[in-house]
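K.L.:
With the sequences and hints as input, model every part of the structure.
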Amino acid sequence: MTEPATVLQARGVVKVFGQHRALDDVSIDLRAGEVHALLGENGAGKSTLIKILTGAYQATEGEVLLEGQPVRFADPLQAQAAGIGTVYQEVNLLPNRSVAENLFLGHQPTRFGFVQKKVIYAKARAVLATYGLDVDVRAELGSYSVAVQQIVAIARAVELSGKVLVLDEPTASLDRNEVDRLFDIIRQLKARGLAIIFITHFLDQVFAISDRMTVLRNGKLIGTSSLKDVSPTDVVRMMLGKDLEILHPVSTAAEGASGPVMLSFDGFGKPGKVAPVTLDIHRGEVVGVAGLLGSGRTELARLMFGVDTAESGKVTMNGKEISLRSPVQAVQAGFGFCPEDRKADGIFGDLSVRENLIIALQAKLGWFKALNRDEQLEIAGRYAEALDIRAANHDMPIKLLSGGNQQKVILGRWLAIDPNFLILDEPTRGIDVGAHAEIVRTINRLREDGLGLLVISSELDEIVAYSSRVVVMRDRQMVAELHGQDISPKIIVQAIAAQHQEAAE
Amino acid sequence: MNRSLRPLAATAIIFLLCYLAAVIQFPSMLSTRVLGNFLTDNAFLGITAVGMTFVILSGGIDLSVGAVIGFTGVLIAVLISHFGMHPLAAFAVTLTIAALFGAAMGAAIHYMQVPSFIVTLAGMFLARGAASVISPDSIPINHDFYTSVSQAYLLMPGGGRLSLIGGIMVLVFVVGALVAHRTRFGSYVYALGGNTTSAALMGVPVARTTILIYTLSSFLAGLSGVIFSLYTSAGYSLAAVGVELDAIGAVVIGGTLLTGGYGFVAGTFIGVMLMGLVQTYIIFDGTLSSWWTKIVIGVLLFMFILLQRIVFAASAPRKKAFWKV
Amino acid sequence: MKTRVLSRLISPQTMALAAVLLVNWILFPGFFDIEWKDGRLFGSLIDVLNRGAPVAILAIGMTAVIATKGVDLSVGAVMAIAGATAATMVEAGWPAHTAVAVALLAGLACGLWNGVLVALLDIQPIIATLVIMVAGRGIAQLITEGSIVTFSDPTLIFIGTGSFLGLPMPVVIAATLAVLATLLVRRTALGLLVEAVGVNRSAARYAGISANVLLLAVYVFCGFCAAIAGMIVAGDIRGADANNAGLWLELDAILAVVIGGTSLLGGRFSILMSVLGAVIIQAMNTGILVSGFPPEFNLVVKSGVIILILVLQSPLSATLFLRAPKAKTGASK
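One line per chain: the protein sequences are F, H and A, in this order.
The first sequence lines up with residues 1 to 505 when you count with my numbering.
The second sequence lines up with residues 506 to 830 when you count with my numbering.
The third sequence lines up with residues 831 to 1163 when you count with my numbering.
The hints are simulated quantities; they were obtained by calculation from the structure and are not laboratory data.
Values in this document were obtained by computation on a predicted structure and should not be read as measured data.
Treat the hints with caution; some may be incorrect.
[Claimed, not checked] Cut-off 20 Å, straight-line C-alpha distance, at most; resulting in silico cross-link-like pairs (SDA-like, lysine to any residue):
id : chain 1 : residue 1 : chain 2 : residue 2
1  : A       : Lys-899   : F       : Asp-350
2  : F       : Lys-364   : A       : Ala-1047
3  : F       : Lys-364   : A       : Ala-849
[To be verified] FRET-style restraints, in silico, Cβ to Cβ:
id : chain 1 : residue 1 : chain 2 : residue 2 : range
4  : A       : Trp-1078  : H       : Gly-791   : 45 to 55 Å
5  : F       : Thr-110   : H       : Ala-712   : 18 to 28 Å
6  : A       : Asn-1074  : H       : Ile-788   : 19 to 29 Å
7  : H       : Ala-514   : F       : Thr-110   : 27 to 37 Å
8  : A       : Ser-841   : F       : Gly-162   : 50 to 60 Å
9  : A       : Thr-1006  : H       : Leu-525   : 48 to 58 Å
10 : F       : Val-119   : A       : Leu-942   : 31 to 41 Å
11 : F       : Thr-309   : H       : Val-804   : 25 to 35 Å
12 : F       : Phe-17    : A       : Thr-1006  : 34 to 44 Å
The beta-carbon is built from N, C-alpha and C at its ideal position, and this holds for glycine as well.
P.N.:
Right under this line is the structure:
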């Protein structure tokens, strides 16, 4: 069999920002009809490489060849016109416009200057049919789920470009079912001869769909190889240059070690969000929450922190009933919450690292008991050290920190109020592996210090590693509570998938 | 029903109900005569509101339109009365200046990345100031062309008169609706109102579209100034103070979302008519004082803001895809 | 600490003020002359402060609103309402202090209305406050029944034209309010919390900040400031003019805040800088008047100032003047 043709190639690409070499002599080649995974920690240079390939940046040295011809794109639109389409994690389409217009915006066929809507609708239906999508193309895009929007984005990129498709973390906000659908489509496109670059944080997805992979580390090319020739451990080793402890899950959190009941949620729920949940949280334990996206896990966390108000049930803390109608009340009760969407709900981008660290404590103290500058410096310093927050100084805006460090700041913000109960929603999502390990260690340490924790995560290995108990959510209800030996990825998956099995039997 | 149609339907229904109520009380309001006056009296507001619709659809705001009306009025008066220009030549000159003025504001908004609010605020001060510097006093226009044009009309069945002025407004609305809903430029305007970043990544020429939107708005404000000068046969630097608020009000009452991305030019027409109706009613009634107009319009504005909040706030009902297996 | 005070003294705002004053002095050599007459100070400089006081007071409230990423377009109309209320009440025979209290309450009520729309109904501030901007003057006319209500109540007139320790009352009120408001936001946690809400309201909620209460408070405070400014303006002309009192002053107040360096996108704010911004605007106004230019010229100059600020703040000039973020290592020490 002959080697398929190389479509897009980067040779010896160097990108320098000021003093920093973001990419150092990186080469990559993409063949027609392959899915090529691009892997690396945050800061490894993945996005810089993608931006050079798609015209958002220009290489300092080296060259990019499209079908053998050297090319230099001034902006993503030129790259798009030349055949390189990109789909981003956050769908970059227009929710307020029709599905059809989103497919053809800027390329609508016109007659006498007027857009031919009927032609567009017909074409849109035809295009989406090839993706197995049967939607009303005249309806607003925003009225469809993220998965549908993602597919419309892919269809647009393929329509307009058609040679190379760059998928930048397309699965980050999809549930398992939707990911499977997406993979079907990727396979289809692959069969049509597109060269596809696939970026993701999920290793299992890399193995499920990719043919080859290229690993970057600190801006350098570590290697390219066929996925048939490597194991997940090899890949992680390439990415990190070391084996990572958390990939060998050993539950260190024996349930028996946990203390007395601290919090009891009794029939706690809200119609349409979460069916009533009854759950005790002990001192010194981590309750892991597993479940697919949309299973009600985030909704449960929001209820427990008073972001949404529960309509049924009650909460007792140390035997006394408490009210949880707002985050303010939750904070007064000594709760802390690291939300899933760090940028939207977590950080105060323009405020300093120091202010971000003390803000929850300040909110708890109230309007009139201000922490003075010395107190702020002391608190910020203490938690920055305890959590190994890497910032040049604490007066810089937090938005300049990496995702991992931002997550540590938010964690530190809650530790500063000396909490009883911490809720962490996907604490390790989208952060580099180093900070990842740091956060997992912190969770273990907090449990040993006697806190109650509720940790939501999609990473089963991770949940298994630190949970004393695991609660499984499905279809907005709590469907299982696993103890001891039952806490294993296999049993959790069974619990999550139970419904499907029942249906199959 | 499409979500963005709901506020439009509400506007239409409220207008019909109000008109019905008014007609029951004053049967003479149901005549083409009143309708004709309606169109003539609100022509300058309507034309401005079309431009404002485009600006608001794109997620911006234009505070300068009232000042541009005042400025063009003064400039036209000076060109005709002091320089002896033919009105048509004067119109061409002032409309060109107005369009360039808008283009400059659009360019400032795009290239300096500042909110339209503050740029058009500067534009408002500049246009109003320039008008006052040209002439602080009202300048009358006496020209045969004015007399004939401002009296030109088309007789409608029932004895009503569709004046040239009113006709121009209707024409502007029709063209505006076609441009907004049937051209690529129109789809770009909605795209900017939806999400500027996405629009740019999808290949919408953001700079060109932004500049064109504000050019259009200022051009229409200029045209409105022309109409206003035909209507009043004078140019005054303090004319049309606060029209920007009325125009914004008409657009919102017409069902366009103030944050951009959703709305219809036709809705603005109903919005203008509804505001005109309130004024006409208060005049017909005779016992109500003029300030009730402001209060009623404020209340209408509040109702529509609240309505939009209810329609658009509840996160869009996400339809699941119908997968073909 | 010394360097911080020094750096504040040579901020762009103080330099702009110095430049405007210098131009005024060149155009009108007697600009800096101040004399003591009848137990109070007179002079162009005092006049600048006196005339600038209403906008300065509005700017104090507006700063807090803008810091939360909001804007209050209704302050001009609220001024008219407050003036109309006070004037109508004293004319109807109520004692002055009751009239003042009710006028302040009217301002608070308008602020509360805006705050409810913004905080509880979650409506965009520019839209929410448009309602009172449009309807407010109608309400003020309703109160005065369409006429300009003149009054001769000494207390109300004193608020607009009296003097204390030689300084005009409006200046005293504005300065007191500015100092109290600054102390309030900086000696308590309010300033930081307001900035946090302005930077990211959702995160503020998650961090346990009562963002809604804070927003309500900020708009109520803004309405309160507007009511004070409204009474000063009414006292000054000894009458309440529902049509013209405070007309377009909301725009001057916003401009003052912008000149003072608070971003319209919320976050960091400085009340004193906004007050300085108001003084700069008035210094330009007065300069144009005393140097014999027509008052209309003012608008052109104002637009020039906005354009200048926009150019200075644009990313283009940042690269042009090499104002790249300074290396801040060790700044926390």
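K.L.:
All the hints need checking, so say for each whether the structure fits it.
P.N.:
Hints and how they fare:
1. A/Lys-899 with F/Asp-350: holds (13 Å)
2. F/Lys-364 with A/Ala-1047: holds (18 Å)
3. F/Lys-364 with A/Ala-849: violated (45 Å)
4. A/Trp-1078 with H/Gly-791: 45 to 55 Å: With a Cβ separation near 31 Å, A/Trp-1078 and H/Gly-791 fall outside 45 to 55 Å, so the hint is violated.
5. F/Thr-110 with H/Ala-712: 18 to 28 Å: Because 21 Å falls inside the window, the suggested range holds.
6. A/Asn-1074 with H/Ile-788: 19 to 29 Å: holds (23 Å)
7. H/Ala-514 with F/Thr-110: 27 to 37 Å: Given a distance of about 29 Å, which is inside 27 to 37 Å, the answer is holds.
8. A/Ser-841 with F/Gly-162: 50 to 60 Å: holds (55 Å)
9. A/Thr-1006 with H/Leu-525: 48 to 58 Å: Hint holds: Cβ distance 56 Å, inside 48 to 58 Å.
10. F/Val-119 with A/Leu-942: 31 to 41 Å: Violated: the Cβ-Cβ distance is about 54 Å, outside 31 to 41 Å.
11. F/Thr-309 with H/Val-804: 25 to 35 Å: holds (32 Å)
12. F/Phe-17 with A/Thr-1006: 34 to 44 Å: With Cβ atoms ~51 Å apart, the hint is violated.
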